[in-house]
Amino acid sequence: MTKVIEAVGLTKWYGKRRGILEVDFHVVEGEVFGFLGPNGAGKTTTIRLLLGLLQPTSGSSNLFGIDSWTHASEAHRKVSYLGSDPGYLGDLSAGAQLDYLATLRGLQKGSWRPIAERLELDPSVAVKKLSRGNRQKIGVVQAFMGHEPLVILDEPTSGLDPLMQRIFLALLAEARAGGRTIFLSSHNLPEVERSCDRVGIIREGRLIEISTVQALLSEHWRSVNLVLGEMPPPGTFDIPGVEVASASARDVHLMVQGDVNPLLGVLAGLVVRDISITTPEVEDIFLRYYDGSQGAPFGAHLGGSTSERPEPTATAGAKPTARAGAEPATETELTAEAPDRVPEEAVR
Amino acid sequence: MTLATFRLELRRDRMLTFWLGVIAFAYAGTMAAFFPLMKDNLSLIDEYMEILPREFLVAFGMTGSLADPGVFFTTYVGSYVWPIVAALAGILLATRPVAADSDRGFLDLPLSTPMSRTRYLSVSIVGQVLVMVVLAVAMMIGVVVVGALVDAGLDGGRMLLVTPSAVVFGCAIAGIATLLSVVTLSRGIAGGLTAGIVIGMYLLNVVAQLQTDLEWVAQLSLFHYFDTTAIIDDGAMPWADIAVHAIVAAVTWALALVLFRRRDLAA
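Note that the protein sequences, when read in sequence, are chains X and S. Position 279 of the first sequence, counting from 1, maps to 279 under this note's numbering, and the rest follow consecutively. Adding 1000 to a residue's 1-based position in the second sequence gives its number in this note's numbering.
Careful: at least some of the hints might be erroneous.
Chain S residues, not near chain X, derived (Cβ > 12 Å throughout) [to be verified]:
(1) F1018
(2) V1022
(3) T1030
(4) P1036
(5) M1038
(6) I1051
(7) L1066
(8) V1071
(9) Y1080
(10) V1137
(11) I1141
(12) I1189
(13) I1199
(14) D1241
(15) I1242
(16) A1250
Covered by chain S, according to a simulated footprint, are these stretches of chain X (three or more residues, beta-carbon under 8 Å) [said to hold, decoys possible]:
(17) 47–55
(18) 72–83
(19) 100–114
Don't read these hints as lab results, they were simulated from the structure. Note that CB positions come from ideal geometry on N, CA and C, so glycine has one too.
Bound conformation, chain X alone (with noise of 0.2 Å):
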């Protein structure tokens, strides 16, 4: 399969801001690319990388085997982008700024115009007097009015209805069935996980992970939300396979990692008013990675090691060295509380 963006040790500096460091990975022709990280985390930096808006540090980026950088402009006749808050001029209206964007690409002026009617947006309103929801609409449209086979696209839901972002979904399937390739920076998880066929994680500058949504959402863990009649003792719940995710008072959840019927035999012993298990919401699973306290799988967090998680998918076009950028998790790291939560101690 063709690499369409490839990054190579890439690393940006802000004089002595990280920006992002060592980041590797590749996206093949027809790939829809989740990439996922709290803000700050480096996801814009790594775009603007890619889009040779800035300059690396060290290391490198290529689009279609073009260097992003020296070669931007060339590199550009192959992309569309969309940036997660595009400054368009307020006076004009959004038909003329679509408009000019599609003349730069090089499409037919107008061509805009059946993405803009799906999205019903107003192309003769001046951008000043839209909301900031329709002003993300052109940004959509402007995305998916023509037809470079990589799209690259930075929070593009930001600001949409819920319709708007089913549309927007729609267009991202079309677009992948028509074979382009999609790079998307995301805080919308379910987007995510609907859209996409694997996922980077980043966090504080580093690629943390890079899996396929389905192995995030590993079926080894079940998600256990408990409503109890009474405080549990004490390290009720230290059983092997089990962590408390959360506490508070007596609802508790629970992570379970294999069998449960160890964890059943305890909730025998106790007065369960309540129970759900469920495959965890792909949300709780990078909610680990995004927090600094933590950081580290599930397995780490039960005192496993974090190599009996299965390794992400390198064979999918992640590097084996994908997680070599993840920092091993402390002892600290392990047991680290939020401050908000009843301490794991008083439950187990």
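Using the hints, position chain S against chain X.
Using the frame of chain X, we list chain S on its own:
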């Protein structure tokens, strides 16, 4: 691609150009209308000017009789309204395509297309030149037309000779503003620095005329090479002065283009 960007540039320039053009035309025309009054009351004016300190007269270019067309023009237009109009236009136009558009997030839009940075900034530079031409012509037409209407006795041909000098003077300011805009990526800082440089050069030129031992510092000032009195009174094009302004403009714009190609454009 270039044409589309140029059209957008002109579209964005038009209101500023229109209003500055109106100001330049109206002010220059008003001054031309006053010229006959000045000539008719020369003795009174000279008497009045004698009570003013020399520093004040030098600061405003009044280095001769106000009945002299060259001195009159330089006093009220060449060293007053044109530097202000040129600086305003230069700063506002030159700091927009990189610094201001970067601030508002617009810059990413054209620069994430096949449009190269060099081409993008070059289009803006062409726009700056064009606006300077329009403004200088508006100013000189104001002088010539109104001067003719009130029978001021101004030589229209010689007045129009000022236009190229005025254009390159404005371009030099715009070049400095463009360079500072690329270096700082901040419209406020670039505009403030450019305004400071223009004011500083004006003061250098004044000081050089007041202190003979500091005469050489005038050469550091763009105003030293913008002597409209000589153009109007002698009717000769000051090619050397025009070349100095043109070189300053060309060098600063070239540096801006080179730096912009290699400039980080942070979000």
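Against the structure, the hints come out as follows:
The non-interface label for F1018/S is consistent with chain X: the shortest C-beta to C-beta separation is roughly 14 Å, beyond 12 Å. No Cβ of chain X comes within 12 Å of the Cβ of V1022/S; the nearest lies about 19 Å off, and the non-interface call holds. Non-interface status of T1030/S relative to chain X is upheld: no Cβ of that chain comes within 12 Å, the nearest being about 31 Å off. The beta carbon of P1036/S is kept farther than 12 Å from every beta carbon of chain X, the shortest such distance being approximately 43 Å.
M1038/S, annotated as away from the interface, keeps every beta carbon of chain X farther than 12 Å; the closest lies near 42 Å. Distance to chain X confirms I1051/S as a non-interface residue, since its nearest Cβ pair spans about 50 Å, more than 12 Å. With a least beta-carbon separation of about 43 Å from chain X, L1066/S lies farther than 12 Å from that chain, consistent with its non-interface assignment. Distance check on V1071/S: its Cβ is at least 43 Å (rounded) from any Cβ of chain X, clearing the 12 Å threshold; non-interface status holds.
Here Y1080/S stays apart from chain X, with its beta-carbon at least about 31 Å from theirs, past the 12 Å limit. Interface exclusion of V1137/S from chain X stands, the closest Cβ pair being 26 Å apart, more than 12 Å. The beta carbon of I1141/S sits about 28 Å from the closest Cβ of chain X, which is more than 12 Å, so the claim that it is off the interface holds. The non-interface label for I1189/S is consistent with chain X: the shortest C-beta to C-beta separation is roughly 17 Å, beyond 12 Å.
Every C-beta of chain X lies more than 12 Å from that of I1199/S, the closest at about 31 Å, which supports listing it as non-interface. Distance check on D1241/S: its Cβ is at least 38 Å (rounded) from any Cβ of chain X, clearing the 12 Å threshold; non-interface status holds. Once the 12 Å rule is applied to beta carbons, I1242/S is consistent with being away from chain X; the minimum gap is 35 Å. For A1250/S, the shortest C-beta to C-beta distance to chain X comes to about 24 Å, beyond the 12 Å cut-off, and the non-interface label holds.
Taking a C-beta to C-beta cut-off of 8 Å, the segment 47–55 of chain X contributes 5 residues in contact with chain S, enough for the three needed, and the coverage statement holds. Figure legend: the segment 72–83 of chain X, annotated as covered by chain S; annotation consistent (8 residues with Cβ-Cβ distances under 8 Å, at least 3 required). Taking a C-beta to C-beta cut-off of 8 Å, the segment 100–114 of chain X contributes 6 residues in contact with chain S, enough for the three needed, and the coverage statement holds.
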